[in-house]
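K.L.:
Here are the chains, one letter per residue:
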Amino acid sequence: MAVPATTSTRRHNLTATARSVVRTALLIVVLAFVLYPLLWMVGSSLKSPTEVVSNLSIIPQEVTWANYPDGWNYIQGLSFGRFFVNSTLIALATVVANAASCLVAAYAFARLQFRLRKFWFAIMIGTLLLPSHVLIVPQYVMFNYFRWVDTPLPLIVPKLLATEAFFVFLMVQFMRGIPRELDDAAKIDGCSPYGVFRHIILPLSRPALVTTAIFSFIWTWNDFFTQLVYLPSPTSYTVPIGLRLFIDSSGQTSLGPMFAMSVLSLLPVFFFFLAFQRMLVQGINTSGLKG
Amino acid sequence: MAVSTAAAARHGDAVRAGPPPRRRFRVSQRRRDEGLAGYVFLSPWLIGLMAITAFPMLFSLYLSFTNYDVLSGFSAMEWVGLDNYRRMFTGDPAYWHAVRVTLTYALVAVPLKLAAALGVALLLNRERRGVGLFRSLFYLPSLLGGSVALALVWRAMFGGDGAFNDLLALFGITGASWVNDPKWALETLMVLAVWQFGAPMVIFLAGLKQVPTELYEAASVDGAGKLRQFWNVTLPMLSPVIFFNLVLETINGFQGFTSAFVISNGTGGPVYSTLLYTLHIYDQGFGEFRMGYAAALSWVFLIAIAVITVVFFSTGRFWVHYSDGDD
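Residue numbers (my numbering), protein chains in the order written: chain A, 1 to 291; chain B, 1001 to 1327.
Accuracy of the hints is not assured; some may be wrong.
Claimed, not checked - Just a few of them, taken from the derived set where beta-carbon distance is under 10 Å, the chain B residues facing chain A:
#1 Asp1033
#2 Ile1047
#3 Ile1052
#4 Leu1058
#5 Ala1115
#6 Met1157
#7 Phe1164
#8 Leu1167
#9 Gln1255
#10 Phe1286
#11 Glu1288
Derived from the structure by calculation, the hints contain no laboratory data.
Keep in mind that this is a model prediction, so the values were computed, not measured.
For glycine and all other residues, C-beta sits at the position ideal for the given N, C-alpha and C.
Let's have the full structure, built from the sequences with the hints guiding it.
P.N.:
Dropping the structure here:
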């Protein structure tokens, strides 16, 4: 440090600084590209009908809040409040169902010895890559036969049965990191496999449970495909299905309300992002979970 | 305890011979208990596997040989043999459009998305300050991008009088009506997919952190420039992560639905240009109520995805480099 820098190291530092400036500049350009659509959406939700069509700028010339109440009551006799309630109930039920069922299955895979364990584990990994679109037709026929269509049951019951293999996998990975000595100590103290689950695994798996809960919520909140299939009548619509009603009307009077409701629909996800960003980023690192 | 000590005191020899078999009995009992507990804990998943996954799969294989539609019910269902499959390959003009659109979408959007993810990860990896903030903000579209809201925004942004054309007008270019132009509609979907490069970027970034700096130092001593270091150190060391992202994103790419559905208003148009395979399944099954045909479409889709996965994993060993130390 105290040694005076030679010209060559000074030049080296200079190019290093120049490089760093170029890198930062590039990152800021990419960031602008990434954030523009989001900021434009928020800005457009506050623009007046004359301004909202064909306007590149993010900041409205004149802030209009009217789009929000207009969008909220856009559909005759049915407010977005209903859709938000439906979405919230389904998302919360999914969170609880996923967390409970996947935790239990993961405990079996990660900690217990039983016959065909490896076989079932391989099957579970196989279902990770199974697209839901492949199963939608027969599942629909089945749930339709049960008269479950137009109820939330087809969306929730499968989650109670640990069909989200991603979360089972995530929790298995997590539980493998819990020291086995704790299990052994509990067993010596007379704990059965159920006791080990209750006293060791359940309390220590809290971080994995939180990650599962957050991703379950976001995925269910954003899910469109299954809700579109299983919730055909307007009173059971969720937020994404309600938003879809804006497609048909592309006139300039409905654009503002459409942006307003889009912003509202993303708020819960955005809130989770702000509160748990570190955890979300770690979550995709440990298991490759997609957003 | 008191009783057993008293018993031990009474029949000294018999008890001394006792413990080994009893312990063996207890161990095997414990193992049996654990085996039972294993299946108790596994049971919800196992029921789910049978009832929600395996049975519907087999059922849909059966349906694919029938003309079942939900409206007429099971009484009107007839066995039609290979008719659905024949119709798919020879009698359904939309089918080959769907195959072509899906392949184009996956083959173009996935590499671009991964290239963007890797490029930004490389930029971020060198940075010392602000990495956390940049990383989080780049990741945001991955959380929001799959929603109906963003698809609606895209539709508005790339419409004839949308913001994108305003931008082009600044440079004196008159843009097309992107989402309504069969030549460009799929491209707007691809831009939306690439925009969500954040999730693979986070995974790349974690992978880059694992590359030992000694390797770069050694390469640098050997006179390798930055480009050569990237080619001979970064890429091979990163290949397991690239492979992982490639498999995951390709499978996700094949499953795109929401953006195409919203932007084309469920039609897959204009002129089939955004008719992703999933959209065709939905349209045939839930629009036209041809459940048997939709089941056949699903099975071919499943086989295609399985083949692609197998191809990935069997070619992976030629280019994925696993270092000895970490898995």
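K.L.:
Each of the hints needs a verdict: does it hold here or not?
P.N.:
Verification of the hints:
1. Hint status for aspartate 1033 of chain B relative to chain A: holds, with the closest Cβ pair at about 7 Å, below 10 Å.
2. Because the closest C-beta pair between isoleucine 1047 of chain B and chain A is about 5 Å apart, less than 10 Å, the hint holds.
3. The beta carbon of isoleucine 1052 of chain B is positioned within 10 Å of a beta carbon in chain A (closest approach about 5 Å), and the interface hint is therefore held.
4. Checking leucine 1058 of chain B against chain A: minimum C-beta separation of about 8 Å stays under 10 Å; hint holds.
5. Hint status for alanine 1115 of chain B: violated, given a least beta-carbon distance of 13 Å to chain A, over 10 Å.
6. Contact between methionine 1157 of chain B and chain A, as hinted, is supported at the beta carbon level, the nearest pair being about 6 Å apart and thus within 10 Å.
7. Annotation: interface hint on phenylalanine 1164 of chain B holds; nearest CB of chain A at approximately 9 Å, less than 10 Å.
8. Of the supplied interface hints, the one on leucine 1167 of chain B holds, with its beta-carbon coming within about 6 Å of a beta-carbon of chain A, less than 10 Å.
9. At its closest, the beta carbon of glutamine 1255 of chain B sits 5 Å from a beta carbon of chain A; the interface hint therefore holds under the 10 Å criterion.
10. The restraint placing phenylalanine 1286 of chain B at the interface with chain A holds, with a minimum CB-CB distance near 6 Å, inside the 10 Å limit.
11. Here the hint on glutamate 1288 of chain B is broken, as its CB sits about 12 Å from the closest CB of chain A, past 10 Å.
Violated hints for the displayed structure, listed by number in ascending order: 5 and 11.
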